[in-house]
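Generate coordinates for the entire structure from the input sequences, incorporating the hints supplied.
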Amino acid sequence: MSDEYVTLSTKLAMPYRYVAGVIGSKFFTELRDNKKILARRCPECKRVIMPPREYCPKCFSVKTDEWVELSGEGSIESFTIIRYTEPKIQPVEPPYAVGVIKLDGTDGGLTHIIGDVDLDKIEVGMRVKAVFSDERRGNILDIGYFKPI
Amino acid sequence: MGRVGIVGIGQTQFRSKREDVNSVELVNEAVRAALADAQLTIKDIDAIIIGNMEHFESINYSEMWTIDGSGGYMKPVMKITTGGTTGSTIACAGFYQVSSGMFDRVLVIGWEHLSESDTTGAIASCSDPIWERSVMAGAVGPLAIVASEYMRIHGTTEEDAARVAVQAHKNALNNPYAHLHLDITVDDVLNSAMLSYPMKLLDMCPTSDGACAMVFAEDKSAREITDNVAWVKSVATRHDTAFFGDGGLKHGDKLRSLYLATEEAYTRAGIKNPFKELDVIEMYEPSSWSALTWVDSLHICEPGEAPKLFEEGVLSMKGELPLNPSGGVISTNPIGATGAVRVAEAALQIRGMADRRQVPDVELAMATGFGGSGWSDVMILER
Numbered sequence: 005m006s007d008e009y010v011t012l013s014t015k016l017a018m019p020y021r022y023v024a025g026v027i028g029s030k031f032f033t034e035l036r037d038n039k040k041i042l043a044r045r046c047p048e049c050k051r052v053i054m055p056p057r058e059y060c061p062k063c064f065s066v067k068t069d070e071w072v073e074l075s076g077e078g079s080i081e082s083f084t085i086i087r088y089t090e091p092k093i094q095p096v097e098p099p100y101a102v103g104v105i106k107l108d109g110t111d112g113g114l115t116h117i118i119g120d121v122d123l124d125k126i127e128v129g130m131r132v133k134a135v136f137s138d139e140r141r142g143n144i145l146d147i148g149y150f151k152p153i
Numbered sequence: 002m003g004r005v006g007i008v009g010i011g012q013t014q015f016r017s018k019r020e021d022v023n024s025v026e027l028v029n030e031a032v033r034a035a036l037a038d039a040q041l042t043i044k045d046i047d048a049i050i051i052g053n054m055e056h057f058e059s060i061n062y063s064e065m066w067t068i069d070g071s072g073g074y075m076k077p078v079m080k081i082t083t084g085g086t087t088g089s090t091i092a093c094a095g096f097y098q099v100s101s102g103m104f105d106r107v108l109v110i111g112w113e114h115l116s117e118s119d120t121t122g123a124i125a126s127c128s129d130p131i132w133e134r135s136v137m138a139g140a141v142g143p144l145a146i147v148a149s150e151y152m153r154i155h156g157t158t159e160e161d162a163a164r165v166a167v168q169a170h171k172n173a174l175n176n177p178y179a180h181l182h183l184d185i186t187v188d189d190v191l192n193s194a195m196l197s198y199p200m201k202l203l204d205m206c207p208t209s210d211g212a213c214a215m216v217f218a219e220d221k222s223a224r225e226i227t228d229n230v231a232w233v234k235s236v237a238t239r240h241d242t243a244f245f246g247d248g249g250l251k252h253g254d255k256l257r258s259l260y261l262a263t264e265e266a267y268t269r270a271g272i273k274n275p276f277k278e279l280d281v282i283e284m285y286e287p288s289s290w291s292a293l294t295w296v297d298s299l300h301i302c303e304p305g306e307a308p309k310l311f312e313e314g315v316l317s318m319k320g321e322l323p324l325n326p327s328g329g330v331i332s333t334n335p336i337g338a339t340g341a342v343r344v345a346e347a348a349l350q351i352r353g354m355a356d357r358r359q360v361p362d363v364e365l366a367m368a369t370g371f372g373g374s375g376w377s378d379v380m381i382l383e384r
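Here the protein sequences line up with chains A and B, keeping their order.
According to the working numbering, the residues represented by the first sequence are 5 to 153, in order.
According to the working numbering, the residues represented by the second sequence are 2 to 384, in order.
Keep in mind the hints are simulated off the structure, nothing from the lab.
Everything numeric in this text was worked out from a predicted model, so none of it was measured.
Don't take each hint at face value.
[Unchecked claim] Residues from chain B shown here face chain A by an in silico Cβ test under 10 Å; the list is partial: (1) 121; (2) 122; (3) 125; (4) 131; (5) 132; (6) 136; (7) 146; (8) 192; (9) 195; (10) 198; (11) 244.
[To be verified] Calculated Cβ distances over 10 Å to all of chain A for the following chain B residues: (12) 141; (13) 155; (14) 182; (15) 260; (16) 274; (17) 278; (18) 312; (19) 315.
[Unchecked claim] Subject to a maximum C-alpha distance of 30 Å in a straight line, what follows is the list of computed DSSO-like cross-link-like pairs (lysine-lysine): (20) B/18 / A/15; (21) B/255 / A/50; (22) A/62 / B/80; (23) A/125 / A/151; (24) A/151 / A/39; (25) B/255 / A/133; (26) B/18 / A/92; (27) A/15 / B/80; (28) A/125 / B/255; (29) A/62 / B/255; (30) A/39 / A/125; (31) B/80 / B/273; (32) B/255 / A/151.
Glycine is no exception: its CB is placed at the ideal position from the N, C-alpha and C atoms.
Below you can see the structure in the form of structure tokens.
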């Protein structure tokens, strides 16, 4: 019997192409082309859903039927400051702040980066607004980050 | 519906790297141990439920790959993958299958060979790719947000959380299967690397390799196998919404799914005062901070009282309601097996087989599972 444990090191490179869907496509084209942030209203409970979806996750009955244009301003609902480094999955170099942004006029929170800010001064309830990326490709990082107003 | 009980339990050694066995051998180690405990052979098993997060090993069809280890050849096999709850969901499914009357004896197996692949990358692939992956991927960030919320609402300190980690690691010293055996102090936790405020390295669970198997049997069959059965008294499951931004996980005051699942499990079990009636809890706590929020969700204290329960030793081995005698997830986290270990450890407590980590005279024990966007499984066992 050998006392050596043999292992095989290998790598799977798997490209993916994710579909944004009917609602997501409208959201991301408006974001990319017109710097507009849109949410969706549920006709039943009247909640304004963010991220926008075809069906309200709570009522689950009739389709959402109305786009609502947001101002891009909101408040920090909760946050943390990322200090550990995982280059494969991190959108920017640590340290940086991420949080849940409650956009004005919506009933859900959008998770995003909080930037252009003194990391020690971020507070829950702080007012922030979306800063759009110069080069927009039709994804969620077309909003570069949210910065304090 | 007749009673359903756990009659066999098998765990592997949990380590950061189990390079001495491949996944098939790892699964088999737990299966052999569970069958030996029940004094059964694979011929006595009517059906098999196997669970893991297969993309964590970058494989697929893990139920097929592992069949030589699980004993599933020419048997009905079902694979379950529900994130962190995988292990508790296979226990629920074992209970469901036996309860259906279709099978008398069902073998459930949870396993993970996490060291074989990139856990953080795999967890990142669990987030919605369009909306949340690029900004919120990984386990630490979201749990750190829950922690900072709990801190803000209740004025909890970093010492409060550190005490939870110290208790978990202290308990793990009594558990020969546990991955980490760390004799640490509150200062060690406070001085460990800051990952994502207020979450530090020693507040977080590790990643582990290992497997856990159990045999569920119907009333008559169970009594034929052993007179030492951990009977299932009730189960309940709740799922929250998908997005972190509108899910229950972002609220630091409680884990909504656990709050509702425990409420249902108590009602089904006829439990009026869980703090008084439960003798031990094996709770799935991915971090010390999560343990505070999750304990507040069990209806055993008022909101914000969890730090006090830990500080006063109420949840310690000598306390009124010991929590995680095994050392919990903070000491051992083989993801697809983690929830199964909670159920297995609760069953060992009921059966008086937990050796140095045994709580005296356990009549009623609860196990919980946690995963994904705030999913919760609850299983209550009785003697």
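Is it the case that residue 315 of chain B keeps its Cβ farther than 10 Å from each residue Cβ in chain A?
holds (28 Å)
Hey, residue 39 of chain A versus residue 125 of chain A, does the alpha-carbon distance stay inside 30 Å?
Holds, at about 28 Å.
Run the C-beta distances from residue 312 of chain B to all of chain A and say if the shortest one exceeds 10 Å.
Non-interface label stands for residue 312 of chain B: nearest chain A Cβ at 24 Å, farther than 10 Å.
Double-check residue 131 of chain B for me: the hint is only fine if its C-beta lies closer than 10 Å to a C-beta in chain A.
Interface hint status for residue 131 of chain B: holds (5 Å vs cutoff 10 Å).
Hold the hint about residue 146 of chain B up to the distance rule: shortest CB distance to chain A must be less than 10 Å.
holds (5 Å)
According to the definition I'm using, a residue is off the interface if its beta carbon is farther than 10 Å from all beta carbons of the partner; does residue 182 of chain B meet that for chain A?
holds (22 Å)
Restraint: residue 132 of chain B near chain A, CB-CB cut 10 Å. Satisfied or not?
Result: holds, 5 Å to nearest chain A Cβ.
Holds or violated: is there a CB of chain A closer than 10 Å to the CB of residue 244 of chain B?
For residue 244 of chain B, the interface hint holds, since the closest Cβ of chain A sits about 6 Å away, which is under 10 Å.
Given hint residue 195 of chain B near chain A, where the shortest CB pair must fall under 10 Å:
With a closest approach of 5 Å, the residue 195 of chain B hint holds.
Restraint check, 10 Å cut-off on beta carbons, for residue 125 of chain B near chain A
It holds, given that the least Cβ distance between residue 125 of chain B and chain A is near 4 Å, below 10 Å.
Just to be careful, I want the Cα atoms of residue 255 of chain B and residue 133 of chain A compared with a cutoff of 30 Å; is the pair within it?
holds (29 Å)
Need the status of pair residue 80 of chain B, residue 273 of chain B: alpha-carbon distance at most 30 Å?
violated (35 Å)
Hints 8, 12, 31 from the earlier list are contradicted by this structure; the remaining hints agree with it.
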